[in-house]
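Participant: Chains as they are written, first to last, in the numbering used here: chain C, 1 to 104; chain W, 1 to 161.
Using C-beta positions, here's what the derived DEER-type ranges look like:
hint, chain 1, residue 1, chain 2, residue 2, range
1, C, GLN77, W, GLY35, 24 to 32 Å
2, W, ILE64, C, ALA80, 16 to 24 Å
3, C, PRO63, W, LEU130, 40 to 48 Å
4, C, PRO63, W, PRO80, 29 to 37 Å
5, C, GLN77, W, GLY79, 13 to 21 Å
6, W, GLU117, C, LEU66, 44 to 52 Å
7, W, ARG122, C, MET64, 47 to 55 Å
8, W, LEU43, C, ALA80, 22 to 30 Å
9, W, ILE137, C, ARG73, 22 to 30 Å
10, W, LEU66, C, ARG76, 14 to 22 Å
11, C, MET64, W, TYR160, 28 to 36 Å
12, C, ARG73, W, LEU43, 18 to 26 Å
13, W, ILE31, C, ALA91, 41 to 49 Å
14, W, LEU43, C, ASN93, 26 to 34 Å
If you're looking for bench data, these hints aren't it; they were derived computationally from the structure.
We put the CB at the ideal spot given by N, CA and C, even for glycine.
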Amino acid sequence: MLAIIGLVGMLVLVIGLGVFLGLAPEPQRTRASAAERQAAAPARFFDPQPRMENVFQDGTALPMELVLSRLERHVRQEQAAVEGFVLEPSAQNLRRHTSSPLVN
Amino acid sequence: MPVSAGDLEGADLLRGLSVEDRRPFDALGEIVVTGSDEVLFRLGDVAERLWFVRRGRLSLTMPIELRGEQHEAFVEEKGPGDMVGWSAIVPPHRYTLTARATVDAEMVAFDGPAFRELLASRPATGVVVLSNLAALIGHRMHEMQAMWIREVQRAVQERYR
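Model the full structure from these sequences, guided by the hints.
Facilitator: Structure follows, in structure tokens:
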């Protein structure tokens, strides 16, 4: 009896842990579209969807110069965004918005 | 080309020094003119020289791999008044970034060992210069920390939303 209770307890613990870590299947929940998820997402200090695409619409890769130029723009915007934090450190100053095309 | 009095005016590392205290640095410096796209130093090189930008602009970069090839990613831009190549006075004396002139530039180059010797021989001057250096390094560190935690924050929010 004790062993059965122990086994059930272990099972509950494993399932709970799986749900917590996001490993459990979600059979009943239909996955929202990217647009729906974006609309429902809370406001952040960056765009939730990257606006920088790796390819043109016809599928050809962006020229490397353009990629590097966007990377430079991102770094410059980030430096500008954190300047306030460097002068006056605060959590608020750490989360200033930027219009950088690179988000991750 | 030798450095004249006043050529080092506005150098961030020499801020707070009197004209008299700056004079020994004039004797150490050498004016160097670089063309656009010329590399002053590369990441990993032995840091033999410290550079003061008098005119023009420099781009500091680090290597990044994109599509299987190595490229240089922009880290910071430096202009008149800035000094670059602190590694020449900070052990282990190896450059940690690559510096390239983005336009024609005029620099004052200092020999690293001679610069360090000068600081050691004039402790009061050394304290001022090294305090300025600490402030510059601190500024860059705080900036990089803030930029890094913003990137981490984004990665975490993307992964766990």
